[in-house]
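Undergrad: In case you want the letters, here they are:
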Amino acid sequence: MTATQVFYLPEGLPIPVPEADGLTRPYWEGLRREELWVQRCPQCQTWQWGAEWICHHCLAFDLDWVQVEGKGHIYSWERVWHPVHPALKPRRDPYIAVLVALPQAGNIRMLGNLLGDPQQAVVIGASVEVVFEHHNQAEPPYTLAHWRLV
Amino acid sequence: MASNNTVRSIRGRVAVAGIGETTYYKHGGSPEPEFKMALQAILAACADAGIDPREIDGFCSYSNDRNEPSRIAAALGLRDLKLSNMQWGGGGGGGAAAVGMAAAAIVAGFADCVVVFRALAQGQFQRFGAAVPAKTISGDQAFAAPYGVMSPGQRYAMKAMRFMHEYKIERSVLRAISMASYYHAQKNPRAVMYGRPLTEAAYDNSRWIVEPFRLFDCCMENDGAAALVLVPAERARDLAKPPIYLLGAAQGSEYRNAAPGHNAPTYGSASFTTVAPRLYEAAGVSPGDVNVVQSYENFTGGVLMSMVEHGFCQPEDANDFFVLEHLLAPHGKLPLNTSGGNLAECYMHGLELQIEAVRQARGESTAQVPDVEVSMVCSGPMVTPVSSCIFGSEATV
Numbered sequence: 000m001t002a003t004q005v006f007y008l009p010e011g012l013p014i015p016v017p018e019a020d021g022l023t024r025p026y027w028e029g030l031r032r033e034e035l036w037v038q039r040c041p042q043c044q045t046w047q048w049g050a051e052w053i054c055h056h057c058l059a060f061d062l063d064w065v066q067v068e069g070k071g072h073i074y075s076w077e078r079v080w081h082p083v084h085p086a087l088k089p090r091r092d093p094y095i096a097v098l099v100a101l102p103q104a105g106n107i108r109m110l111g112n113l114l115g116d117p118q119q120a121v122v123i124g125a126s127v128e129v130v131f132e133h134h135n136q137a138e139p140p141y142t143l144a145h146w147r148l149v
Numbered sequence: 000m001a002s003n004n005t006v007r008s009i010r011g012r013v014a015v016a017g018i019g020e021t022t023y024y025k026h027g028g029s030p031e032p033e034f035k036m037a038l039q040a041i042l043a044a045c046a047d048a049g050i051d052p053r054e055i056d057g058f059c060s061y062s063n064d065r066n067e068p069s070r071i072a073a074a075l076g077l078r079d080l081k082l083s084n085m086q087w088g089g090g091g092g093g094g095a096a097a098v099g100m101a102a103a104a105i106v107a108g109f110a111d112c113v114v115v116f117r118a119l120a121q122g123q124f125q126r127f128g129a130a131v132p133a134k135t136i137s138g139d140q141a142f143a144a145p146y147g148v149m150s151p152g153q154r155y156a157m158k159a160m161r162f163m164h165e166y167k168i169e170r171s172v173l174r175a176i177s178m179a180s181y182y183h184a185q186k187n188p189r190a191v192m193y194g195r196p197l198t199e200a201a202y203d204n205s206r207w208i209v210e211p212f213r214l215f216d217c218c219m220e221n222d223g224a225a226a227l228v229l230v231p232a233e234r235a236r237d238l239a240k241p242p243i244y245l246l247g248a249a250q251g252s253e254y255r256n257a258a259p260g261h262n263a264p265t266y267g268s269a270s271f272t273t274v275a276p277r278l279y280e281a282a283g284v285s286p287g288d289v290n291v292v293q294s295y296e297n298f299t300g301g302v303l304m305s306m307v308e309h310g311f312c313q314p315e316d317a318n319d320f321f322v323l324e325h326l327l328a329p330h331g332k333l334p335l336n337t338s339g340g341n342l343a344e345c346y347m348h349g350l351e352l353q354i355e356a357v358r359q360a361r362g363e364s365t366a367q368v369p370d371v372e373v374s375m376v377c378s379g380p381m382v383t384p385v386s387s388c389i390f391g392s393e394a395t396v
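Those sequence lines, one after another, are chains H and S. Each residue of the first sequence is one higher than the one before, starting from 0 at the first, in numbering that gives the first Met the number 0. Each residue of the second sequence is one higher than the one before, starting from 0 at the first, in numbering that gives the first Met the number 0.
Everything labelled a hint here was simulated from the structure, so no lab data went into it. We put the beta carbon where it would ideally sit given N, CA and C, even for glycine. Be aware that a few hints might be false.
Coverage of chain S stretches by chain H, computed from C-beta distances (three or more under 8 Å per stretch; other residues unrestricted) [said to hold, decoys possible]:
hint : stretch
1    : 139 to 152
2    : 156 to 164
3    : 249 to 260
4    : 298 to 306
In silico lysine-lysine, DSBU-like type, Cα no more than 30 Å apart, as pairs [stated by the list, open to error]:
hint : chain 1 : residue 1 : chain 2 : residue 2
5    : H       : 88        : S       : 134
6    : S       : 332       : S       : 240
7    : S       : 240       : S       : 35
8    : S       : 167       : H       : 70
9    : S       : 332       : S       : 167
10   : H       : 88        : S       : 240
11   : S       : 240       : S       : 167
12   : S       : 332       : S       : 186
13   : S       : 186       : S       : 134
Calculated Cβ distances over 12 Å to all of chain S for the following chain H residues [as the list claims (entries may be wrong)]:
hint : residue
14   : 32
15   : 63
16   : 65
17   : 145
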């Protein structure tokens with residue numbers, strides 16, 4: 000994408016990077032390839048998100064990372080009007096954050112922004128699909144996973 | 000062998016002997032350094048109790064309070080510091096836990112005169128409600144901050160939204176909770192919002208902060224300090240004020256409440272579903288015995304869920320239960336946040352709620368409920384861990 004790229008939220012917000020111990024690295028690297036990767040236990044098949052070093056169900060270490068389809072439904076949401084970060088203060092419009100449940104992956108949830116009119120009515124249960132937003136010029140470059148109604 | 004329940008209980012064995020606080024200021028408004036305010040509140044609590052500050056031998060606090068017990072002990076010339084205890088995690092959810100740990104330490108014989116305190120000067124340090132400037136972010140916050148979910152309000156609005164969706168909660172519920180705090184603050188000269196009543200229209204017309212929360216659904220941020228002095232029950236009976244006994248305290252975190260990226264299984268929750276039953280069992284009371292409640296308002300939606308989880312109403316009945324007149328002292332069904340609380344008295348990170356609960360049990364509140372015997376505090380909804388405690392008058396022990 001070029002410098003004319005319009006992001007859902009302005010640049011200047013914190014850039015997500017994996018922890019020093021690398022726990023969530025496969026997730027962030029997956030987003031760069033427009034893929035959603037999450038944890039699944041090879042022993043008991045439990046889906047796990049966010050990432051952890053151990054399966055909360057059977058206590059096996061070394062969980063697998065598996066790719067999941069970017070489809071789900073809105074589990075909860077909020078519309079943010081009051082900016083708390085300097086990068087957001089010049090904005091006039093609110094923005095919407097949604098919590099999306101992925102039924103095909105044990106109903107694990109992912110947080111993102113809901114694309115479209117920031118003043119739209121939001122319905123819990125509505126179906127959504129993932130939209131990847133690449134910040135290629137950032138240092139380091141990163142990709143976010145947003146959602147749009149389907 | 001004697002019942003373990005008898006041995007493993009703090010019920011009635013420790014009392015709050017003194018309470019103290021500084022003047023409460025708007026955030027950034029304190030003319031005093033934070034540490035000096037902490038000392039002032041501690042000395043005020045000792046004066047209220049009628050004890051020599053040199054009797055203090057322990058401290059409990061929460062949310063990584065910056066004012067270390069060792070420095071306080073040096074400043075006050077304490078002879079023998081026996082307890083320096085910090086509740087781990089949960090921010091304001093640690094208020095009742097700190098009181099509980101102080102009592103546990105006294106019952107265990109670790110210390111004999113323990114101060115629970117909290118001091119905040121937000122002008123001198125970072126505000127809670129402002130994003131911490133950082134170029135990169137990792138861990139749990141990396142799943143939220145790049146999407147503009149950074150402040151406590153932004154972190155918890157979706158919990159309240161989910162609960163309100165599940166139980167068809169009306170906006171009037173949040174408004175009643177907000178207006179109860181403002182109503183009581185008008186009777187409390189200590190309150191930062193004293194002289195600034197809140198009308199229904201002003202609430203309804205206030206700006207959104209983050210839906211479902213309007214401005215008046217959100218706590219203030221303030222400067223000040225507050226302290227309570229706890230001693231063994233028998234020692235408290237010799238002091239200046241009537242002892243207010245701790246009947247029970249409980250803290251905790253629901254199953255996987257801290258699962259990263261908003262993956263707590265019980266999501267639309269204040270996080271008290273496991274704590275409240277333990278609290279009532281420890282205190283030997285039931286919700287119907289509670290005369291007055293102070294419930295931490297970071298956001299009104301959290302108060303709603305806290306009250307439901309502590310058994311004061313079923314979630315399906317919340318629209319009828321949370322009506323302003325039911326929440327007001329002196330004669331409401333459940334007088335709530337009778338000093339003005341975090342919304343309208345002072346955001347002393349909830350320690351002002353502990354102090355108000357003691358005042359109610361003493362009969363000293365500015366919005367006194369008649370004949371209070373059982374006085375409850377819930378600390379810090381939606382965080383993890385949370386805590387709650389129950390105080391009782393002489394009649395309860």
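Undergrad: If a hint holds in the structure, say so; if it doesn't, say that too.
TA: The hints, checked one at a time:
no.: 1; hint: 139 to 152; in the structure: holds (count 13)
no.: 2; hint: 156 to 164; in the structure: holds (count 6)
no.: 3; hint: 249 to 260; in the structure: holds (count 4)
no.: 4; hint: 298 to 306; in the structure: violated (count 0)
no.: 5; hint: H:88 with S:134; in the structure: holds, 17 Å
no.: 6; hint: S:332 with S:240; in the structure: holds, 28 Å
no.: 7; hint: S:240 with S:35; in the structure: holds, 25 Å
no.: 8; hint: S:167 with H:70; in the structure: holds, 26 Å
no.: 9; hint: S:332 with S:167; in the structure: holds, 22 Å
no.: 10; hint: H:88 with S:240; in the structure: violated, 50 Å
no.: 11; hint: S:240 with S:167; in the structure: violated, 46 Å
no.: 12; hint: S:332 with S:186; in the structure: holds, 19 Å
no.: 13; hint: S:186 with S:134; in the structure: violated, 46 Å
no.: 14; hint: 32; in the structure: holds, 18 Å
no.: 15; hint: 63; in the structure: holds, 18 Å
no.: 16; hint: 65; in the structure: holds, 16 Å
no.: 17; hint: 145; in the structure: violated, 8 Å
Consistency note: the structure conflicts with the earlier hints numbered 4, 10, 11, 13, 17.
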